[in-house]
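S.K.: So you can see what is in the structure, the chains are spelled out below.
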Amino acid sequence: MKEGNFITTTLESLIGWARKYSIFQYPFVTACCGMEYMATAASHFDIDRFGAGLTRFTPRQADVLFVVGTISHKLAPVLRKVYEQMTEPKWVVAFGTCTITGGLYDNYAAVQGIDAIIPVDIYIPGCPPRPETVLDALMKLQEKIQREKQKWSLRK
Amino acid sequence: MMEKMLLNIGPSHPAMHGTIQIKVELDGERIIKADVEIGYLHRGFEKTAENRTYMQIIPYTDRLNYVSPLLNNLAYAMAVEKLLGIDVPPRAKWLRMIFGEISRITDHLTCIAPIGMELGAFTVFLYMIKAREFLWNVLDATTGARLTTSYIRIGGVKADVPENFEDLLRKALEETKKAVRDVHGLLSRNPIFLKRTKDVGVVSQDDALSYGFTGPVLRSTGYYYDVRKAFPYLYYDEVDFEVPLGERGDNYDRYMVRMKEIEQSIRIIEQSLSKMEKGPVKAEDEVAEAYEAIKASQEGKYLDGKLKLNPNLEGMEREVYYKIMARVPRYILPPKEDLYRSIEGMIRHFKLIMSGHGLRPPAGEVYVPVEGGNGELGFYIVSDGTDRPYRLHLRAPVFSIMSALAEMIKGHYIADVIPTFASINMIGGELDR
Amino acid sequence: MVLEEVEKEFSLRRAESIDGIPTFYCHRELVLPLMERLKRDFEVLLDITAVDYLGRKEKRFELVYHLLSLSEKMRLRIKVELGEGEKIPTLSFLWKNANWLEREVYDMFGIEFQGHPDLRRILLYPEFKGHPLRKDYPLKKSQPRIKLLRPERE
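From first to last, the protein sequence lines are chains A, B and C. Using the numbering used here, you'd call the opening residue of the first sequence number 779 and step up by one each time. Using the numbering used here, you'd call the opening residue of the second sequence number 2 and step up by one each time. Using the numbering used here, you'd call the opening residue of the third sequence number 768 and step up by one each time.
Honestly, the hints are just simulated from the structure, not real lab data. A virtual CB, placed ideally from N, CA and C, is assigned to each residue, including glycine. Be careful, since some hints might not be right.
[Claimed, not checked] Every beta carbon over 12 Å from chain B, so not counted as near; a handful from chain A, in silico:
| no. | residue |
| --- | --- |
| 1 | E814 |
| 2 | G829 |
| 3 | D899 |
| 4 | I900 |
| 5 | M917 |
[As the list claims (entries may be wrong)] Straight-line Cα separation of at most 27 Å, BS3-like style, residue types lysine-lysine; simulated pairs:
| no. | chain 1 | residue 1 | chain 2 | residue 2 |
| --- | --- | --- | --- | --- |
| 6 | B | K172 | B | K276 |
| 7 | A | K859 | C | K806 |
| 8 | B | K261 | C | K840 |
| 9 | C | K914 | A | K859 |
| 10 | B | K83 | C | K840 |
| 11 | C | K896 | B | K24 |
| 12 | B | K199 | B | K178 |
| 13 | C | K908 | A | K859 |
| 14 | C | K902 | B | K83 |
| 15 | C | K907 | A | K859 |
| 16 | B | K230 | C | K840 |
| 17 | C | K846 | A | K868 |
| 18 | B | K230 | C | K806 |
| 19 | B | K230 | A | K859 |
| 20 | B | K83 | C | K846 |
| 21 | C | K854 | C | K914 |
| 22 | B | K83 | C | K854 |
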């Protein structure tokens, strides 16, 4: 940029822009979808391009919770605890059909959709979803983060 | 004497890929007692299977051991075929072998990748997953799916291979060989890796047998048992391959056995490719594909009589269908041409699919094992003559192996839990079902 | 041949099998001595599972053991008929993996094993009531551990 030029923007969109390219994710990987999650994270598809490459395995440092794979009733309390430990702002991605509706497992053991346990922002369909779908979802999540209205203002 | 400390690992922990909880009692850094809690991925597979028809169960079997789905398909299809008493055509057997071995390679790659990653060698993970990606492309081209393929069906396989299959497969195998070679270079003589794996998590041969180990973990103790050799199925007695053995039964041997098995699987695939008869090559006729027709119509042109609208998916055309599927009309779905163009085909399809009809094996029970990614993978099916199994049980190899984990990590350092756990390749879907 | 010897000694009843694995019915009280004898030839206990014949047979459960002999390269299936509430001795002192396999059968069917060192649920959670693989347990009856935000099914 040449000297003397400048850009104007709102503070809100500046924060949104900063946040959307630094997604620290917590992968809550349980089942088959984890295989495609691994494929997405590795070199062929490379989610690092979206600023989402760094996984944090402690919920306190993560912004996005990836729920990857079937959640059984036995695991439900664990998932809720992990969600509650995350600090605001936080987003949740439901990865795969099992997390959306219970999928193939319409029975006593599986939770019929994780939105019965925690609120969800983005749903990725597929059993398991292909990496392309995951990347698409990631971009949709970034759009959502960009649009987000901030809950605070500089003047208290 | 130090005070004892109770430490909880999992169920959501970076190194507990899959969900498992290990509660350890520590004296300093040494584990004196461990309690392994499983079942966090219990999805009620067996109960669900009792409420599904025989064909509907195939997609569920994909999701048992999801790193080698085709071997699960194979075990289930073979069990039902035994119940029905049908034999599959030779080409289907060769294809089953090729795809089964591809699945075994992806299983071992996906097992070794996290071992490296968790011990700090992230490059290994990237190399192995890269090789797996090439193999999945082969699966994708043939079966239409990367992971949950449902390719092996009752009576045969879903579809014949596409025309460029052999090139794709050979390229994938080259990439796999390269990855294996690179990983040998990175890990096999790496002092850090050796320190973390050699003489860690040792299992004696007697213990291994008493715990019901099978597969690579049993072979790492030096015991020669492989279902493919002991009870040959498909054409495993016609191909030449070795069963790699370990010596001490520690983490390093388990890693090494898996690495060598990848090489043997590649050998089996290469031999199968040359022994399998060349597929029927379709005549190139002057027809337009559907997308060409749509494009032409958008430009206002009309393709007169040149349009090929085949109701079938590629590889399932009638001329190849009975080379990959047993010719048993009572149990096998008709090719799609028959279904859409003749009333007999429609009735056959209807009788097999509609509830209340369906595939009805005679009453009886079977146990059919195959060599899965982790060992002897067997389906035990009890049929009562209806269209749904009365009881279906999976003999999961990893279940027996996991029952030994508490003893394997006892007396070791807390950091040794990670390579020990990683080297037994715990797969939640298979363990908890 | 081991099997013929054992068959006479323990008065086993041979059942027909279509998969070529020799199958025998054994009385509940003879299981422990029989398995002790068989352990000499069959090194590996492959599997323990059960089948619930609710309303179809006089005795409700059938316990199925699969054994494997690596030296003889053969498999064997032993079945035990069990009524509701009847107990069976544990094999966890003979084969170590019997510990977990029996816990699974207990969890899924509610069959109790006498002398088992650690008989508790393995795949499900302690609060769970009932045994899901019994035929009278409904497929879709779930038992949530925490309060759900919405009802699971309509």
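S.K.: Now, for every hint given, state plainly whether the structure supports it.
M.R.: For each hint, the structure was consulted:
1. E814: violated, 6 Å
2. G829: Check passes; 18 Å lies beyond 12 Å.
3. D899: Non-interface label on D899 of chain A holds, nearest chain B Cβ at 19 Å vs cutoff 12 Å.
4. I900: holds, 20 Å
5. M917: The claim stands: M917 of chain A keeps its Cβ more than 12 Å from every Cβ of chain B (closest is about 21 Å).
6. B:K172 - B:K276: Status holds; Cα separation ~19 Å.
7. A:K859 - C:K806: Judged against 27 Å, a Cα distance of about 47 Å means the pair is violated.
8. B:K261 - C:K840: holds, 25 Å
9. C:K914 - A:K859: Holds, at about 13 Å.
10. B:K83 - C:K840: holds, 20 Å
11. C:K896 - B:K24: holds, 24 Å
12. B:K199 - B:K178: Holds, at roughly 24 Å.
13. C:K908 - A:K859: Since the Cα atoms of K908 of chain C and K859 of chain A sit roughly 24 Å apart, the hinted pair holds (cutoff 27 Å).
14. C:K902 - B:K83: holds, 25 Å
15. C:K907 - A:K859: holds, 25 Å
16. B:K230 - C:K840: holds, 10 Å
17. C:K846 - A:K868: Violated. K846 of chain C to K868 of chain A sits at ~54 Å, over the 27 Å cutoff.
18. B:K230 - C:K806: At roughly 23 Å apart (the allowed maximum being 27 Å), K806 of chain C and K230 of chain B satisfy the hint.
19. B:K230 - A:K859: violated, 48 Å
20. B:K83 - C:K846: Satisfied, since the Cα-Cα distance of roughly 21 Å is no more than 27 Å.
21. C:K854 - C:K914: Violated. K854 of chain C to K914 of chain C sits at ~36 Å, over the 27 Å cutoff.
22. B:K83 - C:K854: It is violated: about 33 Å lies between the C-alpha atoms, which goes past 27 Å.
When held up to the earlier numbered hints, the structure conflicts with 1, 7, 17, 19, 21 and 22 and fits the remainder.
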